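As they're listed, the protein sequences go chains Y and P.
The opening position of the first sequence corresponds to residue 1 in this note's numbering, with each subsequent residue numbered one higher.
The opening position of the second sequence corresponds to residue 1 in this note's numbering, with each subsequent residue numbered one higher.
Read the hints as simulated data drawn from the structure, not as lab findings.
All values derive from a computational prediction rather than experimental measurement.
A hint or two may mislead.
[Claimed, not checked] Here are the computed distance ranges between Cβ atoms for each label pair:
1. Y:S28 / P:E117: 49 to 57 Å
2. Y:K248 / P:G252: 29 to 37 Å
3. P:K106 / Y:A138: 43 to 51 Å
[To be verified] Derived lysine-lysine pairs resembling DSSO-like cross-links, with alpha carbons at most 30 Å apart:
4. Y:K17 / Y:K78
5. P:K291 / Y:K89
6. P:K238 / Y:K133
7. P:K200 / Y:K228
8. P:K238 / Y:K226
9. P:K132 / Y:K33
10. P:K115 / Y:K228
11. Y:K33 / P:K48
12. P:K261 / Y:K226
13. P:K211 / Y:K136
14. Y:K228 / P:K260
15. Y:K136 / P:K115
16. Y:K33 / P:K261
17. Y:K113 / P:K247
18. Y:K119 / P:K115
19. Y:K120 / P:K209
20. P:K13 / Y:K33
21. P:K238 / Y:K228
22. P:K132 / Y:K17
23. P:K13 / Y:K226
24. Y:K89 / P:K200
25. P:K132 / Y:K30
26. Y:K227 / P:K238
27. P:K13 / Y:K133
28. P:K132 / Y:K248
29. P:K115 / Y:K248
30. Y:K136 / Y:K78
Yeah, the Cβ is synthetic: ideal placement off N, Cα and C, and Gly gets one too.
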Amino acid sequence: MEMIDDAVINIENLVKKFGKFTAVNNISFKVRKGEVFGFLGANGAGKTTAIRMICGLLEPTSGDIQVSGISVKKSPEKVKQKIGYMSQKFSLYTDLSPERNMDFFGDIYGVAKDEIKKKKSFLAQQLDVPSLKSIKTADLPMGFKQRLGLACALLHDPDIIFLDEPTSGVDPLGRREFWEEIYRLSGMDKTIMVTTHFMDEAEYCDTIAIMNFGRVIDIASPDSIKKKYSSANLNDAFIRAIEMDRKKMEDN
Amino acid sequence: MNSLIKAEGIEKKFGTVNALRGISLEVSEGSITGLIGPDGAGKSTMMKIALTLLKRDGGSISVLSVNSDNDKTFIRQNVGYMPEIFSLYTDLTVEENLNFYFTIHKMDKQDYEKKRERLYRFSRLEAFTNTKAGSLSGGMKQKLALSCALMHDPKLLILDEPTTGVDPLSRQEFWGMLHELKEEGVGILVSTPYMEEALKCDFVYMMNKGKIIGEGIPENLSEEFEGSLYEFEIPGRKPQEFLSELKQIFRGDSVFMSGKKVHLALRGAEELSDIRTKTTSLDPELLVRKKVPELEDIFIIRVLAEGSDGND
Ligand SMILES: Nc1ncnc2c1ncn2[C@@H]1O[C@H](COP(=O)(O)OP(=O)(O)OP(=O)(O)O)[C@@H](O)[C@H]1O
Ligand SMILES: [Mg+2]
Numbered sequence: 001m002e003m004i005d006d007a008v009i010n011i012e013n014l015v016k017k018f019g020k021f022t023a024v025n026n027i028s029f030k031v032r033k034g035e036v037f038g039f040l041g042a043n044g045a046g047k048t049t050a051i052r053m054i055c056g057l058l059e060p061t062s063g064d065i066q067v068s069g070i071s072v073k074k075s076p077e078k079v080k081q082k083i084g085y086m087s088q089k090f091s092l093y094t095d096l097s098p099e100r101n102m103d104f105f106g107d108i109y110g111v112a113k114d115e116i117k118k119k120k121s122f123l124a125q126q127l128d129v130p131s132l133k134s135i136k137t138a139d140l141p142m143g144f145k146q147r148l149g150l151a152c153a154l155l156h157d158p159d160i161i162f163l164d165e166p167t168s169g170v171d172p173l174g175r176r177e178f179w180e181e182i183y184r185l186s187g188m189d190k191t192i193m194v195t196t197h198f199m200d201e202a203e204y205c206d207t208i209a210i211m212n213f214g215r216v217i218d219i220a221s222p223d224s225i226k227k228k229y230s231s232a233n234l235n236d237a238f239i240r241a242i243e244m245d246r247k248k249m250e251d252n
Numbered sequence: 001m002n003s004l005i006k007a008e009g010i011e012k013k014f015g016t017v018n019a020l021r022g023i024s025l026e027v028s029e030g031s032i033t034g035l036i037g038p039d040g041a042g043k044s045t046m047m048k049i050a051l052t053l054l055k056r057d058g059g060s061i062s063v064l065s066v067n068s069d070n071d072k073t074f075i076r077q078n079v080g081y082m083p084e085i086f087s088l089y090t091d092l093t094v095e096e097n098l099n100f101y102f103t104i105h106k107m108d109k110q111d112y113e114k115k116r117e118r119l120y121r122f123s124r125l126e127a128f129t130n131t132k133a134g135s136l137s138g139g140m141k142q143k144l145a146l147s148c149a150l151m152h153d154p155k156l157l158i159l160d161e162p163t164t165g166v167d168p169l170s171r172q173e174f175w176g177m178l179h180e181l182k183e184e185g186v187g188i189l190v191s192t193p194y195m196e197e198a199l200k201c202d203f204v205y206m207m208n209k210g211k212i213i214g215e216g217i218p219e220n221l222s223e224e225f226e227g228s229l230y231e232f233e234i235p236g237r238k239p240q241e242f243l244s245e246l247k248q249i250f251r252g253d254s255v256f257m258s259g260k261k262v263h264l265a266l267r268g269a270e271e272l273s274d275i276r277t278k279t280t281s282l283d284p285e286l287l288v289r290k291k292v293p294e295l296e297d298i299f300i301i302r303v304l305a306e307g308s309d310g311n312d
């Protein structure tokens, strides 16, 4: 096995079963500090399930994860302080204002009041709106909701950030703005693990992993993945990777 | 070709917000018509008006050749619709969900078997027939909802961002299915944030702030661009590393990421050599090329030029 000293996430033989069904089938890999790690895969491959286990929100059937050297199995609460998580259908309170949402999530993480205030004005400035008070979150355009979701996940200033399909349903411009924000965070040495079904976004990652049917079938840089599948772009490479893996499974 | 939707000068207000400002569009039999535009452009609103789910404030529209003011029930029964925010029966299994849609549309049993098989081939949900819809992954739910929308045999399909969260291979299979339906004569109106999907449409309307800002065969839309587009790349470096420098240099113009490259759109024509001179301070490895804009470029350039609104 390759040695990576600066691994901030170390996943070892992670398995999750729901009844007889194996959703995550013995996956192991490491994520380096400061990298943008793209987690790709077919629908139902197990990405969300894996992320929820890494974040300590779902108990593995077997295996463990070390986050900054801390075992998620032994100290899930300690790990939760270090990570920010934005779920696939993220859980903002849509009938509250963006401001109230930030207060709420700030409270959960025990963030100081003046720190929350700072973060609020930063978000208002980024989104170019005078106030986050007078609107209902439900009425925000999708791109704004995602940015608010991200701001809530970042309130306690975590080192590691998990974003599960942050740009699904966001238009081409909004997606670019979101990615510029991801780079800003990455520039602050934060580690980011992000899932997406947009292959041009996968191109922006340092490393990508492709999952199919509970397993990680590839893990490499975008360029090496394209080379491996002799594809000009990641969309074609992805399709080939999944098709080849399905064929292999059918042959067995 | 018969027209299935013919809308002329549609207006819609929500309070003080002008959601639609004179939209005219047409959807024909046996063709795929795409609607693209940023959040809040009015795509979903237009679709809901065609479905008679929302009242328009002005303009005229006929759907399936009937007047949509008098024949609401006929339209709702004969148009297949997949809303942006859909609902499934989460405590029913995959199979029960499909079967439910089959039952309400009073379809022929044999027809059902055939459809069901075709839909499972696309969705790959056959191994999950007895799984409760509530415990499917996000993309699997989306695919099940899509399958339900395709369960009946409508002449007109209206699909609002149907492939959100659907993986690239399934998206390809889904579009293959849309093409089969088109060959059978079905007319399809579909919105999408994926420009590679817009390219698969026969005709595209580009919307922004409640207006149509461009329309045509997707390949031709980019020909209307009068400015010039340049592409920057530094081998071995990521676009985000030199994006902000380029934004500084070309302040006031559109500079945006595109895969591994950064694109610059200028309103007028400018010589490649001038662009090179302006960017000498960057990495000596910087590559600059003039480029024919693609649909995504056109989309971004147009929206950046006009600004976008925020409600849909
Ligand atoms: N609580 C649960 N009970 C039963 N099965 C589950 C449960 N949660 C997830 N699964 C199953 O585990 C598999 C993996 O789901 P997961 O949500 O991790 O996929 P994903 O890779 O995130 O897919 P997508 O790209 O569609 O979001 C799916 O087959 C799903 O049906
Ligand atoms: Mg998921």
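Each hint, compared with the structure:
A hinted range of 49 to 57 Å is violated for the C-beta pair S28 of chain Y and E117 of chain P, which are about 38 Å apart. Between K248 of chain Y and G252 of chain P the CB atoms are about 52 Å apart, so this pair departs from the stated range of 29 to 37 Å. Between K106 of chain P and A138 of chain Y the CB atoms are about 36 Å apart, so this pair departs from the stated range of 43 to 51 Å. A threshold of 30 Å between alpha carbons decides the hint, and for K17 of chain Y with K78 of chain Y the separation of about 25 Å falls inside it, so the pair holds.
Note on K291 of chain P and K89 of chain Y: the hinted pairing is violated, with a Cα-Cα distance of about 37 Å set against a maximum of 30 Å. The hinted pair formed by K238 of chain P and K133 of chain Y fails the criterion: a straight-line CA distance of about 37 Å is larger than 30 Å. A threshold of 30 Å between alpha carbons decides the hint, and for K200 of chain P with K228 of chain Y the separation of about 27 Å falls inside it, so the pair holds. Annotation: proposed proximity of K238 of chain P to K226 of chain Y holds, straight-line Cα distance about 16 Å (limit 30 Å).
Pair hint K132 of chain P plus K33 of chain Y does not hold up; C-alpha atoms about 38 Å apart against a cutoff of 30 Å. A distance of roughly 37 Å separates the Cα atoms of K115 of chain P and K228 of chain Y; the hinted pair therefore is violated under the 30 Å criterion. For the suggested pair K33 of chain Y and K48 of chain P, the alpha carbons sit about 47 Å apart, so the restraint of at most 30 Å is broken. Our distance criterion of 30 Å between C-alpha atoms is met by K261 of chain P and K226 of chain Y, whose separation comes to about 16 Å.
At roughly 25 Å between alpha-carbon atoms, K211 of chain P and K136 of chain Y fall within 30 Å of each other, so this suggested pair holds. Between K228 of chain Y and K260 of chain P the CA atoms are separated by roughly 18 Å; this keeps the pair inside 30 Å, and the hint holds. For a cut-off of 30 Å, the pair hint linking K136 of chain Y to K115 of chain P is broken: about 42 Å separates their Cα positions. About 25 Å separates the Cα atoms of K33 of chain Y and K261 of chain P, which keeps this hinted pair within 30 Å; it holds.
Taken as a hint, the K113 of chain Y and K247 of chain P pair is broken in the structure, with Cα atoms around 35 Å apart against an allowance of 30 Å. Of the supplied pair hints, the one linking K119 of chain Y and K115 of chain P is violated, its CA atoms being roughly 52 Å apart against a limit of 30 Å. A threshold of 30 Å between alpha carbons decides the hint, and for K120 of chain Y with K209 of chain P the separation of about 28 Å falls inside it, so the pair holds. A distance of roughly 50 Å separates the Cα atoms of K13 of chain P and K33 of chain Y; the hinted pair therefore is violated under the 30 Å criterion.
A hinted pair counts as satisfied when its Cα atoms are at most 30 Å apart, and K238 of chain P with K228 of chain Y qualifies at roughly 20 Å. Annotation: proposed proximity of K132 of chain P to K17 of chain Y holds, straight-line Cα distance about 16 Å (limit 30 Å). With a C-alpha separation of about 48 Å, the suggested pairing of K13 of chain P with K226 of chain Y is violated against the 30 Å cut-off. With a C-alpha separation of about 28 Å, the suggested pair K89 of chain Y and K200 of chain P falls inside the 30 Å cut-off, and the hint holds.
Annotation: proposed proximity of K132 of chain P to K30 of chain Y is violated, straight-line Cα distance about 33 Å (limit 30 Å). Proposed proximity of K227 of chain Y and K238 of chain P is supported: the alpha carbons are some 17 Å apart, at most 30 Å. Proximity of K13 of chain P to K133 of chain Y is assessed by CA-CA distance (about 24 Å); at most 30 Å being required, the pair is judged to hold. Simply put, K132 of chain P and K248 of chain Y have alpha-carbon atoms about 28 Å apart, close enough for the 30 Å limit, and the pair holds.
Using a Cα cut-off of 30 Å, the hinted pair K115 of chain P and K248 of chain Y holds, with the two alpha carbons roughly 28 Å apart. With a CA separation close to 33 Å, the supplied pair K136 of chain Y and K78 of chain Y exceeds the 30 Å bound.
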